[in-house]
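> Here is what each chain is made of, one letter per residue.
There are 2 protein chains.
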Amino acid sequence: MERRVPDLWFTEYQTPNLRLGLRIKDVLLNKRSSYQHILVVDTMEYGRVLVLDGAIQLTEKDEFCYHEMMAHLLLCAHPNPEEVLVIGGGDGGVVREVLKHETVKKVTLVDIDEEVIKASKTFFPAVSCALDDKCVEIRPMDALLFVKGHFNEFDVVIIDSTDPVDFARGLFEPAFFKDVYVALKEEGMMVAQTESPFSEPDLLRDAVRGLRMAFEKVFLAWGVVPTYPTGLWTYAIGSKKLDPRMQKRPAPQRTKYYSDAMHSLAFELPPFINEIINGGNLEEAKGD
Amino acid sequence: MERRVPDLWFTEYQTPNLRLGLRIKDVLLNKRSSYQHILVVDTMEYGRVLVLDGAIQLTEKDEFCYHEMMAHLLLCAHPNPEEVLVIGGGDGGVVREVLKHETVKKVTLVDIDEEVIKASKTFFPAVSCALDDKCVEIRPMDALLFVKGHFNEFDVVIIDSTDPVDFARGLFEPAFFKDVYVALKEEGMMVAQTESPFSEPDLLRDAVRGLRMAFEKVFLAWGVVPTYPTGLWTYAIGSKKLDPRMQKRPAPQRTKYYSDAMHSLAFELPPFINEIINGGNLEEAKGD
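Heads up: the protein sequence lines correspond to chains A and B, in order.
Residues 72 to 359 (the numbering used here) are what the first sequence spells out, left to right.
Residues 72 to 359 (the numbering used here) are what the second sequence spells out, left to right.
None of these hints come from the bench; they were simulated from the model.
Keep in mind the model is a prediction, meaning the values are calculated, not measured.
Wrong hints could be hidden among the right ones.
Each pair may be met inside one copy or between any two copies, as identical chains are not told apart.
Computed list of lysine to any residue pairs in SDA-like fashion (alpha-carbon distance at most 20 Å, straight line) [stated by the list, open to error]:
id, residue 1, residue 2
1, 132, 273
2, 327, 293
3, 327, 79
4, 176, 327
5, 171, 249
6, 311, 204
7, 132, 346
8, 132, 91
9, 189, 221
10, 189, 272
11, 319, 186
12, 132, 270
13, 288, 200
14, 189, 258
15, 205, 95
16, 176, 287
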């Protein structure tokens with residue numbers, strides 16, 4: 072009789088009506104932490120995949136698309152980023168990219184769930200590799216509380232959150248953006264992942280609105296992440312003073328998605344995205 | 072007892088290890104033509120969806136991303152496109168976009184399968200709406216044969232093919248690109264959809280190689296199409312003389328994905344795509 076491997080799949084319900092299926096070789100971790108369900112699967116298509124509360128956070132094959140954009144859009148737009156705060160992102164992917172900038176003296180990582188950090192160190196060494204760097208301080212706590220205690224301290228804040236449900240909901244609220252504003256230095260900027268304009272247009276619109284209530288200048292950038300719903304992802308930016316579209320420093324070496332050319336490209340929105348956030352008012356979209 | 076709707080899904084196997092699931096309200100058409108299986112489903116997430124041999128060709132919600140890029144990249148890069156040949160594309164989406172250019176005097180649509188045209192007219196009126204235009208000539212035949220009989224005739228050729236299997240395989244071969252070259256006028260250009268660099272890197276590399284055997288100048292552009300595998304899609308361009316990165320005429324009114332800004336940006340490749348087609352030689356990527 073022919074030898075057959077078992078037909079194992081992980082399925083992500085991206086919306087109630089849309090699902091992505093990945094054939095898996097094995098389940099490497101499957102547990103509940105104090106905050107969420109943590110799953111690590113080894114897939115045929117995308118290598119190892121980290122899944123929190125059923126939603127894909129990263130895959131070995133395409134994590135570069137997301138982590139490079141989250142880090143370099145702002146770090147390359149700031150003339151001298153030294154103090155960086157990363158909220159969420161316990162996997163370490165954003166921190167790894169941030170540390171490619173030699174100007175950076177300190178990265179503070181605030182993730183509510185230490186179990187995510189532990190899982191990433193165990194199963195994603197190429198993603199978590201910078202978490203033990205001497206410049207990195209890890210604070211396992213609620214970012215809403217952390218931010219309230221800091222003033223005029225960070226050059227760049229990167230909000231690498233999960234979807235805005237449960238404990239992550241507050242990370243998309245205007246009150247939080249205002250606290251981040253206060254935690255930023257005079258030339259400070261923040262970026263938050265704001266999901267897909269196809270599957271979550273209301274969330275995107277509301278996040279941009281919330282940012283506009285907190286920041287003088289608001290911008291939206293976009294990029295591709297194959298394993299996130301619809302593949303098209305957005306990054307909303309609040310800035311006190313600087314124009315993040317203007318690159319101040321070159322892209323780090325050996326990036327795979329981000330580049331100097333991609334920097335300016337990311338801020339040119341397809342018309343339908345502009346329509347979602349502005350009802351077609353292009354000037355407002357650009358934060359001018 | 073609670074009333075419940077049936078749990079109906081259409082599943083596309085994008086690779087043997089990756090599948091996309093769409094919850095459906097109903098199956099509207101489900102038949103085999105002489106060439107392929109034709110399925111039309113009504114989905115909750117993306118509206119009506121056309122599926123050929125199990126692969127999604129278009130959805131009502133995101134078809135604009137693909138059809139606008141396929142048509143406008145070259146039509147806006149040509150100073151005076153009058154004669155346009157569309158190969159495949161029996162749904163009519165590309166033809167609809169082509170006819171937004173007032174310079175165009177004639178569009179010849181060559182699709183091997185008349186049943187696709189019929190299905191589109193029945194179920195996708197907003198996509199097929201231009202197929203009855205007086206400028207459109209429909210030739211239901213094998214494009215490999217059609218192209219062999221034409222010389223110095225077209226300004227732009229658009230190859231809107233299905234995946235390169237079975238009868239569509241020849242549409243990705245150097246011999247076919249050479250025939251297209253001969254069918255083009257002196258300033259002529261062609262574009263072909265060349266799949267995703269994530270799921271089909273070898274196909275992309277080979278198609279670009281094949282184009283380089285036929286054309287003086289070869290370029291690659293990219294864009295997003297949520298319902299195509301990985302969401303990131305590529306468009307390979309062969310040109311006799313013109314540089315398609317230089318826009319000659321403005322974007323048509325009311326486009327949703329394509330715009331003047333998106334035109335030049337589409338040719339800026341993320342580094343990993345450049346690596347796939349050139350092993351990192353940026354100059355060659357740009358066709359210089």
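> When no copy is named, should residue 176 and residue 287 be tagged within, between, both, or neither for a Cα gap of at most 20 Å?
Answer is neither; intra-copy 27 Å and inter-copy 50 Å both fail.
> How would you label the pair residue 189, residue 258 (within, between, both, or neither) given a Cα cut-off of 20 Å?
For residue 189 and residue 258, the Cα distance exceeds 20 Å both inside one copy (34 Å) and across copies (59 Å).
> Between the shortest in-copy and the shortest cross-copy C-alpha distance, which are at most 20 Å for residue 176 and residue 327: within, between, both, or neither?
neither (24 Å within a copy, 43 Å between copies)
> Regarding residue 171 and residue 249, is the shortest C-alpha distance of 20 Å or less found within a copy, between copies, in both, or in neither?
neither (28 Å within a copy, 45 Å between copies)
> At most 20 Å between C-alpha atoms: does residue 189 with residue 221 qualify within a copy, between copies, both, or neither?
Answer is neither; intra-copy 26 Å and inter-copy 64 Å both fail.
> Within, between, both or neither: how does the pair residue 132, residue 273 come out at a Cα-Cα threshold of 20 Å?
The answer is between: 16 Å across copies meets 20 Å, while 29 Å in one copy does not.
> Is it within, between, both or neither when you check residue 132 against residue 270 at 20 Å Cα-Cα?
between (23 Å within a copy, 11 Å between copies)
> Is the C-alpha distance from residue 288 to residue 200 at most 20 Å within one copy, between copies, in both cases, or in neither?
Close neither inside one copy (34 Å) nor across copies (42 Å); limit 20 Å.
> Up to 20 Å between alpha-carbons, please classify residue 132 paired with residue 91: within, between, both or neither.
both (16 Å within a copy, 18 Å between copies)
> One pair to classify: residue 189 and residue 272, alpha carbons no more than 20 Å apart. Within, between, both, or neither?
Intra 33 Å, inter 34 Å, cutoff 20 Å: neither.
> When no copy is named, should residue 319 and residue 186 be tagged within, between, both, or neither for a Cα gap of at most 20 Å?
neither (36 Å within a copy, 55 Å between copies)
> Can you tell me if residue 327 and residue 293 fall within 20 Å by alpha carbon in one copy, between copies, both or neither?
This pair counts as both: shortest intra-copy Cα distance 16 Å, inter-copy 15 Å.
Hint compliance for this structure: hints 3, 4, 5, 6, 9, 10, 11, 13, 14, 15, 16 are broken, all remaining hints hold.
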